[in-house]
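Engineer: The task is simple: from the sequences and hints, build the whole structure.
Those protein sequences? They're chains A and B, same order as listed. Just so you know, we're using the UniProt record's numbering here: the first sequence kicks off at 1 and counts up by one. Just so you know, we're using the UniProt record's numbering here: the second sequence kicks off at 1 and counts up by one.
One thing to keep in mind: the hints can contain errors.
Straight-line C-alpha distance at most 27 Å; calculated BS3-like pairs for lysine-lysine [stated by the list, open to error]:
| # | chain 1 | residue 1 | chain 2 | residue 2 |
| --- | --- | --- | --- | --- |
| 1 | B | K113 | B | K103 |
| 2 | A | K130 | B | K103 |
| 3 | B | K161 | B | K100 |
| 4 | B | K161 | B | K261 |
| 5 | A | K130 | B | K161 |
| 6 | A | K130 | B | K261 |
| 7 | A | K20 | B | K100 |
Some residues of chain B that are not near chain A, with every Cβ distance over 10 Å (derived) [claimed, not checked]:
| # | residue |
| --- | --- |
| 8 | W29 |
| 9 | S44 |
| 10 | K67 |
| 11 | M109 |
| 12 | R172 |
| 13 | M247 |
| 14 | G256 |
| 15 | R265 |
It should be emphasised that the hints constitute simulated quantities derived from the structure, not laboratory data. Each residue gets a CB set at the ideal place from its N, CA and C atoms; glycine is no exception.
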Amino acid sequence: MSTLQLKQITKSFDDTHVIKGVDLEVNDREFVVFVGPSGCGKSTLLRIIAGLESASSGDLVIDGKRINDVGPADRGLAMVFQSYALYPHMTVEDNMGFSLRLAGESKEARRTKVMEAARILQLEPLLDRKPKALSGGQRQRVAIGRAIVRNPSIFLFDEPLSNLDAALRVQMRIELARLHEELDATMIYVTHDQIEAMTMADKIVVLQGGEVEQVGSPMELYHHPCNRFVAGFIGSPKMNFLPVETVNADADGVEVTLPGGRPCRVPVTAGDTRPGAALELGIRPEHLMLDDEGPLEGEIQVIERLGGQTSLYITMGETLLTLMADGDVSHRVHDKVRFGFEPGRAHLFDAEGLALTSLERHHLAGLKRQDHRG
Amino acid sequence: MNNASTQRRVGLAILAWTITCLIFFPIFWMILTGFKTEAQAVASPTLFFTPTLESYVEVQGRADYFKFAWNSVYVSVGSTLLALLIGIPAAYSMAFLPTKRTKGTLLWMLSTKMLPPVGVLVPIYLIFRDLGLLDTRTGLTFVYTLMNLPIVVWMLYTFFKDLPKDILEASRMDGASTLQEVLLLLIPLTLPGIASTGLLSVILSWNEAFWSLNLTSSSAAPLTAYIASFSSPEGLFWAKLSAASTMAIAPILIFGWLTQKQMVRGLTFGAVK
Numbered sequence: 001m002s003t004l005q006l007k008q009i010t011k012s013f014d015d016t017h018v019i020k021g022v023d024l025e026v027n028d029r030e031f032v033v034f035v036g037p038s039g040c041g042k043s044t045l046l047r048i049i050a051g052l053e054s055a056s057s058g059d060l061v062i063d064g065k066r067i068n069d070v071g072p073a074d075r076g077l078a079m080v081f082q083s084y085a086l087y088p089h090m091t092v093e094d095n096m097g098f099s100l101r102l103a104g105e106s107k108e109a110r111r112t113k114v115m116e117a118a119r120i121l122q123l124e125p126l127l128d129r130k131p132k133a134l135s136g137g138q139r140q141r142v143a144i145g146r147a148i149v150r151n152p153s154i155f156l157f158d159e160p161l162s163n164l165d166a167a168l169r170v171q172m173r174i175e176l177a178r179l180h181e182e183l184d185a186t187m188i189y190v191t192h193d194q195i196e197a198m199t200m201a202d203k204i205v206v207l208q209g210g211e212v213e214q215v216g217s218p219m220e221l222y223h224h225p226c227n228r229f230v231a232g233f234i235g236s237p238k239m240n241f242l243p244v245e246t247v248n249a250d251a252d253g254v255e256v257t258l259p260g261g262r263p264c265r266v267p268v269t270a271g272d273t274r275p276g277a278a279l280e281l282g283i284r285p286e287h288l289m290l291d292d293e294g295p296l297e298g299e300i301q302v303i304e305r306l307g308g309q310t311s312l313y314i315t316m317g318e319t320l321l322t323l324m325a326d327g328d329v330s331h332r333v334h335d336k337v338r339f340g341f342e343p344g345r346a347h348l349f350d351a352e353g354l355a356l357t358s359l360e361r362h363h364l365a366g367l368k369r370q371d372h373r374g
Numbered sequence: 001m002n003n004a005s006t007q008r009r010v011g012l013a014i015l016a017w018t019i020t021c022l023i024f025f026p027i028f029w030m031i032l033t034g035f036k037t038e039a040q041a042v043a044s045p046t047l048f049f050t051p052t053l054e055s056y057v058e059v060q061g062r063a064d065y066f067k068f069a070w071n072s073v074y075v076s077v078g079s080t081l082l083a084l085l086i087g088i089p090a091a092y093s094m095a096f097l098p099t100k101r102t103k104g105t106l107l108w109m110l111s112t113k114m115l116p117p118v119g120v121l122v123p124i125y126l127i128f129r130d131l132g133l134l135d136t137r138t139g140l141t142f143v144y145t146l147m148n149l150p151i152v153v154w155m156l157y158t159f160f161k162d163l164p165k166d167i168l169e170a171s172r173m174d175g176a177s178t179l180q181e182v183l184l185l186l187i188p189l190t191l192p193g194i195a196s197t198g199l200l201s202v203i204l205s206w207n208e209a210f211w212s213l214n215l216t217s218s219s220a221a222p223l224t225a226y227i228a229s230f231s232s233p234e235g236l237f238w239a240k241l242s243a244a245s246t247m248a249i250a251p252i253l254i255f256g257w258l259t260q261k262q263m264v265r266g267l268t269f270g271a272v273k
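Structural biologist: Structure representation (structure tokens):
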């Protein structure tokens with residue numbers, strides 16, 4: 001059992017406020033991902049949890065105990081660094097057993113635990129090598145092995161895959177997900193890559209400017225982003241945004257005028273939206289469809305063919321939209337096209353960038369990664 | 001290889017050899033003179049003569065070389081160890097736990113090297129006299145430590161700063177205390193740098209003359225004082241002076257030659273990553 005709570009955590013360096021009051025709950029065996037653009041404070045937050053930085057204020061609670069004043073080693077956490085941070089002068093075995101050596105465990109006990117971790121990570125043949133003689137992926141596995149050996153209550157990962165090439169990253173992503181299942185441990189993972197966040201997380205914490213923008217399952221963030229920032233950050237390619245004007249707002253949704261003049265009723269709660277108010281309509285590229293009867297029209301500027309899919313970049317007046325179309329569309333650059341979308345897929349954001357809540361929750365919004373496991 | 005780059009290489013080689021010869025010539029001449037008689041030494045310069053050990057015998061007859069040599073070893077090695085013992089923790093804190101004043105502190109330390117030593121001769125002399133440190137190896141070791149500390153801290157600081165911080169943080173997560181961090185990671189990982197810092201400190205202490213001449217007279221006098229003792233009394237005896245000088249620089253020359261690989265490795269450590 002390991003749970004973690006952050007209560008109003010702040011961190012300032014001199015006059016710069018890096019973390020501005022973060023509240024967060026991490027449940028037992030959860031895979032939590034901190035995601036956000038660089039400089040959003042996600043790594044600092046992780047380092048505060050690790051004990052490598054101290055919080056300026058707020059409480060850090062593990063399993064009900066406040067640990068602000070407990071040293072990094074005594075928090076029962078293990079961290080995997082972006083640079084791997086292996087000890088270059090020690091063999092893989094010594095690297096992995098270093099914490100046990102410091103804890104004064106016998107050579108045999110150390111060997112047993114290291115062998116066990118090496119088995120999980122398939123590192124057995126490499127135990128006598130020095131880090132210099134390992135590939136990037138192997139170093140990464142050793143770094144993870146070093147964490148496993150400590151049998152921590154919570155694993156912390158600081159952008160562990162960003163130094164790997166794309167193919168290896170996909171492979172390690174799968175391996176980490178498998179590891180989470182095998183170890184059944186609580187994990188906190190920092191990344192700037194929303195794909196890593198979407199694929200691995202039970203719970204994603206989107207951070208920006210030292211503040212939590214939204215916490216939720218990947219599908220919740222995808223289908224119900226609470227503001228324009230989260231909507232634009234989660235999902236790839238990025239969500240399209242169109243300026244629209246409110247025509248009517250009632251219990252059945254909000255009716256807006258699209259650029260080009262056609263009306264569209266989006267099923268969201270009106271709140272205090274009044275007719276005439278300027279809103280922004282968000283629609284994901286994969287939810288835009290080519291449709292000769294569609295309400296929107298534009299000119300294709302760029303076509304990217306990926307084989308299975310085609311990205312069309314379409315200008316509509318000043319706005320550039322992305323549309324994910326079928327791989328076989330035969331359009332050419334500078335073609336005029338009409339397109340549309342299902343109103344239920346659209347999002348509306350008010351002048352402050354806050355989303356108007358959907359009338360209906362998406363049926364997968366509550367899904368956790370653990371639920372896939374049957 | 002094309003012609004231009006060959007020419008360039010040859011030109012550079014000639015330049016390097018010329019500079020080397022210019023630097024080495026006085027040393028070479030000194031060694032040569034040590035094997036001459038006093039008469040040959042002041043006669044018109046010649047490369048060809050019958051070498052004799054006459055000067056060496058006479059020099060050794062007048063003062064016990066080994067006593068001075070032992071003092072030199074004692075104070076240079078002793079002061080180096082002491083400087084490393086103080087310098088490693090100092091450089092550790094500056095490299096890994098810097099504050100707003102770290103840069104200033106480092107510059108201040110360096111600025112003490114700009115002060116002419118003679119400026120503090122009188123106070124140090126008086127302090128040494130009152131503490132009974134005059135003409136003691138302990139006293140000289142102490143002065144050399146202070147003298148080399150700025151350089152030692154600066155060098156260690158630059159070597160330490162090249163060590164990725166993550167590695168030390170990882171060890172902290174693994175449960176290492178600060179002492180274990182330093183002993184098990186920092187020192188082994190920056191050993192080439194620490195070694196070259198130590199070697200430089202030994203050489204600087206060995207060659208130091210100002211303080212050794214002023215603070216020692218007989219029992220703690222190192223080789224620099226030994227050489228000086230041949231220069232004054234009855235005018236200059238070039239052959240004997242050369243013989244004494246050769247004996248004084250021989251150990252450090254051999255030492256430097258044996259450790260040059262280490263020196264170069266240490267001084268370029270971090271530069272070639």
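Engineer: For each hint, tell me whether it holds in the structure or not.
Structural biologist: Evaluated hints:
| no. | hint | verdict |
| --- | --- | --- |
| 1 | B/K113 x B/K103 | holds (16 Å) |
| 2 | A/K130 x B/K103 | violated (35 Å) |
| 3 | B/K161 x B/K100 | holds (16 Å) |
| 4 | B/K161 x B/K261 | holds (22 Å) |
| 5 | A/K130 x B/K161 | holds (23 Å) |
| 6 | A/K130 x B/K261 | holds (24 Å) |
| 7 | A/K20 x B/K100 | holds (24 Å) |
| 8 | W29 | holds (46 Å) |
| 9 | S44 | holds (59 Å) |
| 10 | K67 | holds (41 Å) |
| 11 | M109 | holds (25 Å) |
| 12 | R172 | violated (5 Å) |
| 13 | M247 | holds (40 Å) |
| 14 | G256 | holds (27 Å) |
| 15 | R265 | holds (15 Å) |
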